[in-house]
Every structure is written in structure tokens, then in C-alpha cells.
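Protein chains in written order, with the numbering used here: chain C, 54 to 209; chain P, 431 to 518.
Don't take every hint at face value.
[Stated by the list, open to error] Some chain C residues near chain P, calculated using beta-carbon distances under 8 Å:
{"hint": "1", "residue": "T80"}
{"hint": "2", "residue": "E90"}
{"hint": "3", "residue": "S127"}
{"hint": "4", "residue": "S178"}
{"hint": "5", "residue": "T181"}
{"hint": "6", "residue": "R182"}
I should point out that these hints are in silico values taken from the structure, not numbers from a laboratory.
Yeah, the Cβ is synthetic: ideal placement off N, Cα and C, and Gly gets one too.
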Amino acid sequence: MAAHEDRSIRVRDVMSKQVFTVSPSDTAQSVARLMEEAGVGALPVEAPGVGTILGIVTDRDILTSVVAQGLSTSTAVFEFMTVSAESCEEDDSILLAAQKMHDYKIRRLVVVDEKKRAAGIVSLSDITRASPELGGLVLGGISRQASQSPPLEGVS
Amino acid sequence: MPTLTQDRLWSEAVILEAPSRVLRVQSTRDAFLCLKNHWPLAEGEAKSEALAVCDRVIEGADEPDAARAAFIKAAEEAQFRVNSWTGS
């Protein structure tokens, strides 16, 4: 797919709109139960009662920061979440979202609205479905960078 | 099935202990998921009631403490040892 077509496809066209969010005081085990039920590997963390997105937590975070460290599964999300995770907006092009994924070596972005509330999640596989060429470029870039340095956040 | 994109937090967590398992639950959505997917009893009167109460609470038709109280009763039915500061 040509780059100008990638610029015309908006994030809102490809993102998952059903957003399950968790609170910073939720535990690793409750997040894992929600991930299982929702069939997702990443959940935005929001401020309870406010809705502002504070960060993101991934299944990889649970494995590497809780299980592998020997911490209790009651460990609270705020202790292992990625704070201020990279985000994008619904009107952004998938090209811009892909560029962020490439630059930050991540495979998911929280999509926020004008009030910084979660509007959805866009994953590299969402982008790949819309533009296999663009998705392949990002994946290739992430893989090359991953072999040189550790990722900034869960990339599962 | 309630809308699980929403949750209602409890004022105090409930900790359920069984041989080789500890479940820590502090919200209505998580209680619903425990009852639905991780419960030792396939059927039970208190379990059914707790699922119904969680459903109502998540939809905003009842208070979170109602779900917490129903969840504790279901846990006792399932022979969990229940630990909570405030009880049911």
C-alpha cells in the first residue's frame, strides 16, 4: 500500500473501540482475569472517577515485573504499569501511529479523546490488517531495535 | 452478561483462601469474573445470587457493597476462608 494511502487511513478506522480499563489499585491477578475474559494483552490504566489515562499495563508486565520477580499476585498495578504510555488520537493517520510504535518499540497505543480518556486501543496487528506493508516495516524495525536494546514496555 | 468495560470498586478488598490458592478481590467486575471463570463450585444458590447482584451493580442499579456482601456469602458457600476487615 502506498504511503499516501496510509496517511488517509485514520486510527479510528482500524482501532478496537471496546475499551476495558483498570485502576492503579487493581492487582496483577485481577488484571490477568480481565485480560483472559476480554481476550486482550494490554489494558489502559485510568484514574478512577476521572477517566484520565495514566498509563498502560500489559501481560508481559505481569510476567516480567511480578511473576519473574517473585512478587505477590496481589501487587497493585501502579507498581508495575508503564506510566504515561505513548498515545495517539482517533484522527491521527495510521502512518503516524506506526511511526510512534517504531520509535518507541511498542506494539500498542492507547487512543485518547480530547479529554485524555480512552477511546480505544490500536495495535500493530490492526495496522498490519489495513496496510501489510506498513505493518511489516514497523515489525522489522522493532525486531532490529529489540536485538540491540531492551524494550521500553511490554511488546507481547 | 454485564458490560464489563465498567467496574465498581469496593471500599475494602476481600481475600479468599483455599489450599494452594489465594484470591484477592476488590471490585465488582473482578468478583463477577472470579465467580464466572475461577470458582470451585459449578452451581450454588449463593453463587447464582452473587452473579445476579454483581450484574445489577455493574449496570448501576445497586451499590458496590451489595456485590461485596453477596460475594462473601458465595465464598463461604464454596468453603473459602474469607478474610476482610469489615466482614459482610
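Status of the hints after comparison with the structure:
| no. | hint | in the structure |
| --- | --- | --- |
| 1 | T80 | holds, 5 Å |
| 2 | E90 | holds, 5 Å |
| 3 | S127 | holds, 5 Å |
| 4 | S178 | violated, 21 Å |
| 5 | T181 | violated, 25 Å |
| 6 | R182 | violated, 23 Å |
Figure legend: structure checked against the earlier numbered hints; hints not met, in rising order: 4, 5 and 6.
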